[in-house]
Every structure is written in structure tokens, then in C-alpha cells.
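One line per chain: the protein sequences are Y and Z, in this order. Read left to right, the first sequence gives residues 1 to 193 (the working numbering). Read left to right, the second sequence gives residues 194 to 900 (the working numbering).
The set of hints was computed from the structure by calculation and includes no laboratory data. Check before you lean on any hint, since a few could be wrong.
As the list claims (entries may be wrong) - Below, a list of computed lysine-lysine pairs in the DSBU-like style, where the Cα atoms sit at most 35 Å apart:
#1 Z:K582 to Y:K34
#2 Y:K66 to Y:K127
#3 Z:K590 to Y:K66
#4 Y:K66 to Z:K712
#5 Y:K31 to Z:K582
#6 Y:K31 to Z:K551
#7 Z:K349 to Y:K66
What the hints assert, rightly or not - Label pairs and their in silico Cβ distance ranges:
#8 Z:T368 to Y:D101: 29 to 35 Å
#9 Y:P55 to Z:K582: 48 to 54 Å
#10 Z:D534 to Y:P55: 46 to 52 Å
#11 Z:D425 to Y:P83: 54 to 60 Å
#12 Y:A182 to Z:G761: 54 to 60 Å
#13 Z:M759 to Y:N26: 46 to 52 Å
#14 Z:L770 to Y:S60: 39 to 45 Å
#15 Z:T247 to Y:G6: 23 to 29 Å
Since the model is a prediction, treat every value here as computed from it, not as a measurement. Note that the Cβ used here is the ideal one computed from N, Cα and C, for glycine as well.
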Amino acid sequence: MVRTKGYPAALDQKLQDTRLHNDDSNPEFTKNVKAISRTTAHMCYQCGTCTGSCPSAPRSTYRIRKFMRRAVLGLENEALTDPDLWLCTTCYSCSDRCPRDIIPTDVIMAMRNLAFKRDIIPVNFLKTVQSIYKTGHGVPNNDVNRAAREKIGLSRDPPTTHMYPEYIPGIQKILDHYNLKANSDRIVKEREG
Amino acid sequence: MVEKKKTTTKKTETKKKDTKKVAPVKQEIKKQAPVKTGPSEKPRIGVFICHCGTNIAGSIDIKDLEAYAKTIPNVAHTDNYQYVCSTPGQKKITDAIRDQKLTGTVVAACSPRLHEPTFRTATKEGGLNQFRFEMANIREQNAWVHMHDKEGATDKAKDTIRIAVAKASLLEDLTPKTVPVEKAAMVVGAGIAGMQAALDLAAAGIKTYLIESAPSIGGRMSQLDKTFPTLDCSQCILTPKMVDVGRDSNIELYTYSEVDAVEGYIGNFDVTIRKKARGVLTMAEAEARGIIGGGCNGCGDCDPVCPVVKPNVFEMGMKPRKAIYINHPQVVPLLYTIDFDSCVKCGLCVTACGPERKAIDLEAKDEFIKVKVGTAILATGFELFPIEKKTEWGYKKFENVITGLEFERLICASGPTSGHLVRPSDGETPKRIAFLLCAGSRDNTGVGKPYCSRFCCMYSLKHAHQIYEKIPGAQTYIFYMDIRSFGKAYEEFYYRIQDEGTKFVRGRVANILEDPKSKNLHVYADDTLLDRPMDLEVDLVVLASAVQPSEDTNRTRKLFGVSCSMDGWLLEAHPKLNPCGTTTAGVFLAGVCQGPKDIPDTVASAEGAASAASIPIHKGEVELEPYFATCIEEKCAGCGMCVNLCPYSALALVDKDGRTVMEVTEAKCKGCGTCGGFCPGGAIWMNHFATPQIVAQIDAFLLGGEQ
Ligand code: SF4
Ligand code: SF4
């Protein structure tokens, strides 16, 4: 950033050129997102049906339509560094209704994958990885749940790794195969010390 | 009444006369002695390679191709040019025929569809018979599909030219046949397109049969209230035309009728019309049965006594009708119809009609009428896409979600509410109204339609205007993706509607939910310009539903041999240069059956179709390609197996000089080649596609040019 003489840094920041320039677009990004998501991400015509359907949108700044636009234009940095990328609930409402037959949810998943490759990921997602590694569950069972289950006549633990912990090593093997645990541990350590 | 009777009698006379005038086709055709061997002189073929700008030259090496063409046997001359179809290009052909004493020509260029006639003319101008020309398609089937493989494309083009030269070397002189054209036309569908086409044909002095499947004419336009952007009332501009159609002595109107069968070809279509059992006699029909002064006069005495109540389709089911009915008071013809699917045959209407009029016949049967026409126009129109299939908008689930066509009836003075727009749920006047554009259009999900329905933007703008005309204090919202106001004075209309207070929301509606108590609707959408999701409560939602071809379109088009595109719209001969024609000679398209059109475009297309359909009729005769089968009588064993194979019943066995041989009715033969390929004795010669010619082509391909 070019500093203007006598201006405080914050003002400089505010006055910086925000126009879209040719080199903001990376055509490879559009191609990659398409390849990973296996949906026609470049065909979005910005109708807004997705954002109108999105349960996350009314309660946050997350706009799926904006990410679709970034996919079309190849705005890689803008898409991958936007913290809103992690606010999709993967409910697939947008995918149900998109008139262009695109699956925006899978576009978001593709972008998250690409972001993770650059170590861009919120810590809570990494903690989920750690929890899965440890227990086989993103959200493990707890005593409140156990009591509730018992009350309606279910077993205290569900028939998952909670009941069959002997399968946990298998899950760990899968996560290790993708280096997910090691990467998560590394990033969490970097962030939290 | 008396006048009307006279007209009808006159019509019948004209019809009789016309039938007499036309001589049977077979006699008109001069029998031509077939040439059974190739031309005797040594073939000298000229090959002309077209660059088609860069269309061909961009993916095929023209120099290499021409050098190769010189080496093909029988090639006496080669040339190439940027656009062979241009004047200088054609001159190359005519000059070479004269200077090089060519016996045949090959043009390697586009598909024969557009330019075969061009190059035939050039060949003829050079002094050869026009059928001594063969086209090698190196564009559509080569350059365009092998754009990224120049070497492969060039090799393929060499094959194509070699094959064409092989055929051109064996081509023979042929004379096109001319047949007389019946001085009558048919128009199928009597909406605004069909009516306009019929009126134009009639005004040009052509007897026109106008066929309409509904009991009355006027089509979709007669359901509309006002029309954009001029806001003139649809009825006011349409009714006079309907009356004109009803009284034009050149128009023979068949309502409640459909085309049942079509035989023949341009100039001579034999069409069977099915007059569906209507159960009510016109005055003329009554007179024909000896009921003098009887027949339906439209008094409506039958209506109140009929005990059967059904929804009125014309009113989109929002008004009842009886089993004996007219759709609305202004129908043309003013003639009742019995819906025999719901009639209980109680006979109460017969009594009400009375012994003088005696208009009702409960035992009526379908009638079949045969007519002969020279040309035909299809104007079968459209219907709404069943928008309930897009479940997220709740049509047919939420009472206060209606379609644009229902809105038209509700706002129309002659509609079920006498023009008072009300909510279906409680009859209240809606104050907050949302219009949803592209409802089912521009939809690639496979549920809706991928195309733009083209007139919904504009009619929704008009609807918004009508709300402000009738409901003070109302607020309208138009949910849109793009406003397509491309016609004359349309953008100005858009300006006006925004100025009147309509809020335009750029966002496609995600879904609608109903408040079960108030029956109000919550419209969920993304205001994409504000980048903010919205939840808008409204009293009424109007869906600008997509349109699709009318129900009977597919059946009718098959009868006339007309193709359709993937979405069912009828296919024009050329989207730009021949939008009213079809690939079936003598059959034309008018209005929305070819693709969505607003009223001005529909009328223009109808007038175009009428003009095109009148040309062969005014010429009086048409040329037919001489591609029919001929019998080589010396070889024919008279087995007759071909006779049953012919899909067009063009063949028969006859006795000639004490022998039984096959004979072809040339006018019936379409040159399909079924018989020629089958004949075990090789006794059938298909003009222009004869066995030696085809074999030479196959050899040229398989032997790669070796002799
Ligand atoms: S619904 Fe589909 S086409 Fe519309 S904005 Fe979202 S992704 Fe794009
Ligand atoms: S899948 Fe994600 S982006 Fe799509 S509607 Fe659900 S939360 Fe929103």
C-alpha cells in the first residue's frame, strides 16, 4: 500500500482503491472450484434464489450468492479469506432451488477445501477434527444427552464409536491418511500457542 | 339471418367449382423416359472449394485440398474462392462450365440446405442441366466440428470431395415436375395469429379453411383485459377482427374441430377435418335438415335449465358453466356447445329450445369433412406451464397465489368478478401485491423451461399499472432478474410503471409461505441490489408463469410433417431468413407455436406466414424435385412386393404389352428409396439416387480414390 504523506494509516486503509482489477481474477480458481465441486459453478446468473433460501443469511453477513459470483469471476483471495465462507450449514436448501441447477453448497465445500490447503480455517473446525479423532464424533455424547436418551427408552450411548470404541483406530487411520489430524494440531498450536 | 344463409349457400358453390377446376395431378405430369445409364460422354467435373470466410478456411487447408482435388479421376477443373455463393463465386462456376466444357459441378462448401438451389442455378446458367450438380458439405459436418484438428479435417474434406466427384460423374439430366396448386389454404388455430393469417389470405382472394379446436375463436388474446404498452382493451381490438372472420365469404370457419388426417404435398394437401360432436345445430345445418327458421340463435334459453355445472375453462375455472354452454357473451360464432363428457342427456335443454328452433341434437356424432388445399399455416398457440410443479411458490396450495392469466380474468370487466380484483381466499381487495417474473422460465432444473417466455415481463408491468388504476393506496412489488422491455415503446412503459410507484426487487423469489390464519403470503427473496434477504408480507402473489406449446400442437405438427425443437416449439425453416416456413414445402408457421411472441410479433408473423402461403397459390403451380422412383420395365418381374412396402401408396401393378409391371404415381412418390433398395431384380431406378451413383460413392470412399 502506498502511504499518503501526513495521513494516518487507518485513513489510508479506508481510502485505498477497492476497484476490481484484471489481476484480481484467477481463471484457474474458477476451474478448480468447478472440478472439486463437480457442479457448473461458472453458470450462476445471480438471481439470489440461494441467498433467499439460506437459513444462515438472515442471521449473518454470509451471502452464498456472493461466493457464487466470486467463483464465476475467479476471485480466489476474496473468497478464501472471507470468514463467512465457514457459515454455511450444508442444509442444501440453495441446491434444491437454484434455477441454473448449480449446487452452491458443493461450491462452498470446494472453496473450504482450497482454503484449508492454505491453512485458512477457523479453529473451531480444527477442534472438531480433533474431537472426531479422539471420540469418532464431532459433537460427542454428554451426560445431559445420556439422561434424555434414557428417559425415552434409548440406550445411554448410540450404536456408534461410543458403543464400539474398537472402531476408533479405523477412523484415526482415515484422518491420518489425509494428514488431517497432524495439520489440525499444527495450526491450532500456531494460533493458540 | 337471411343474408347469412345466402353466404353459406354461395360458399358451397364456390367449393364445388374449385374442386372441378383442379385437374387430377397425375394427368398434369408429363411422363419422362428415364435415362437408365450414366451420361455417355467422358465426365469432366469442376470442383469449387469455398472458404466461407474463415468458417471453412480456418480449419481446413484449402491449398492442400485443391491440390488433392486435381488428382481425383474425372476432375477437369478446380478453383477456390472466399465465398463461392457470391456473384463472383458463381461466375467462376458458369465460366468454367463453358470454358472447360464441364459435364458436372461439385461445390465443397456448406450444407445443401441453404445453397443447393444457388449452385444449381449457377450450373444451369453455365449451360448444364441443374441436376448435374453435387454438393460436398465440408462446413457443418467437418470444419465446424473438427475446429481443433486441421489435418484430420483436411483429410476428411478430401474424402468428401472424392465421393461427391464420383457421384457427379454419373449424374444425369432431370426435369423438375410442375404440379398445379389448389387455390385454397388452411389455417389451423383461430387465435389472433390464425385469425390474422386467415383474414390476409382471404383478402388476397384465397379460399381459406380456418380450423379451431375450441367452440369459439379468439384464442388467448380474447382472455386478456388490456394489452401493453398502449393499454388498449384486448376485446375492443379483437372483437371486430373476430366478427370479420365470421362474415368473410372467403373464410370457411370450422370451430370445435380439429385436423384429423393430412395427405399429399404442397399444392395438393388432402385434409380431413374432424368436426367434433357439438350437439347444437347452426341455422344453416338446421335448414339442411329441413328445419326451416331453426337452429341455434344464441338466445341461451337452454343454459338455465341444464342441471350439470362445470368449471368454465375460459375463465380459468373461476366461474361455472353448464354442460350446454358458451364461454362468454361475445363468442364468435354465437353458438352453444354441449360438453358430451359431462352431459347427462336429461333432455331439458331440448325442451327449452323448443320445437321451432330444434337446435339441439343429443345424438350428434363427430363428422369428417375432406377438403383440398394448396398450402397450410399452423397457428396452434400456447398454454401456461403447470406452475404448481415449482412447488416452492405454492400455486394450487395457497389460495392467494394466482397466475398472470387468472389475473387477466379477475381484472377484466367481463370476467368472473366483473373486473374487481379480489383475493380468492376471502374476496377482499388486495392492497399489497407481488408479481414473480420468470416463474418457471429460464429454469435449467428440468422442472421448468430453459427459455425466456418473452412477454411476461411486459404483462406483469401492465398488471402493476392496472392495480394502481383500480386500487388506490395499493403497493405493488415486481420480483425480477432482468426486465426485458425490448419492444417499441416498452422501455418507456417500464419507466412509467416505476414512476407510478411499483417497487422493483431484483431477486428471484426463493419460496412463499402462507399465514394459515390471514392467508397472507410471505415472500422470501434476496434483494440482490441491497444484498439483503427479505421476508415480505403480501395479500396476493401473481406468478408470471412460463408458457409451453398448446396441448394439441404435437399431434397436429406430426400430421403436417413439421419438426419441433427440444422444448416442443415448432421448427422454422431458418431462424432468421425463413422464420415462417418449415422444412415441409407448403406448410408455414404463425404466432407462438413457433416460439413465445407478444401480440405485435404474433401479428407480424401471421402476416408473414399468410404472405408466404399465398405465393405458391398465386403462382398457380409448384416445381417438385424429380426424385421419384421409375420402373425399368425390362427388368421388372411383376412380383409386386414393392407395392406394399411403399409408405406413400405410390406404386401399383399394371398390365403392359401382355406383362405385369410396376407403375409409379410420380406425384405421390416422395423419393424415399424404400422400394429401390428392396427390389430383388434391381428394376427400380431412383432418380438422382440411383444404385450405380450410390455404389460409385461407396467405392470412392472405400477404395480411397484407387480405381
Ligand atoms: S440460485 Fe443459483 S443461479 Fe441463482 S444466484 Fe444462487 S447459485 Fe446463482
Ligand atoms: S447449503 Fe449453505 S449456502 Fe446453501 S442454503 Fe444451506 S446454509 Fe445457505
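Taking 46 to 52 Å as the hint, is the beta-carbon distance of D534 (chain Z) and P55 (chain Y) inside that range? 48 Å, holds
Does K66 (chain Y) lie within 35 Å of K590 (chain Z) when you go C-alpha to C-alpha? Holds, at about 32 Å.
Could one say that the CB atoms of A182 (chain Y) and G761 (chain Z) fall in the range 54 to 60 Å? Cβ of A182 (chain Y) to Cβ of G761 (chain Z): about 58 Å, so the range 54 to 60 Å holds.
Measure nothing beyond the straight line between the CA atoms of K66 (chain Y) and K127 (chain Y); if it is 35 Å or shorter, mark the hint as holding. The hint holds at about 28 Å.
Decide if the proposed pair is consistent with the structure: K349 (chain Z) and K66 (chain Y), CA atoms, cutoff 35 Å inclusive. The given pair, whose Cα atoms are some 48 Å apart, is violated under the 35 Å limit.
I want to verify a distance hint. Is the separation of the beta carbons of L770 (chain Z) and S60 (chain Y) within 39 to 45 Å? 54 Å, violated
Does K582 (chain Z) pair with K34 (chain Y) here, judged by a C-alpha cut-off of 35 Å? Between K582 (chain Z) and K34 (chain Y) the Cα gap is close to 29 Å, so the pair holds against 35 Å.
Given pair status - K582 (chain Z), K31 (chain Y), alpha carbons within 35 Å: 33 Å, holds
Keeping to a limit of 35 Å between CA atoms, is the pair of K31 (chain Y) and K551 (chain Z) held or broken? Violated, because 76 Å separates the two Cα atoms, which is more than 35 Å.
Please check whether T368 (chain Z) and D101 (chain Y) have a Cβ separation lying inside 29 to 35 Å. For T368 (chain Z) and D101 (chain Y) the Cβ distance comes to about 55 Å; the hint is violated.
Is K66 (chain Y) close enough to K712 (chain Z), meaning Cα to Cα at most 35 Å? Given pair K66 (chain Y), K712 (chain Z) holds - Cα atoms ~33 Å apart, limit 35 Å.
Distance restraint hint 48 to 54 Å, applied to the beta-carbon atoms of P55 (chain Y) and K582 (chain Z): 24 Å, violated
Consistency note: the structure conflicts with the earlier hints numbered 6, 7, 8, 9, 13, 14 and 15.
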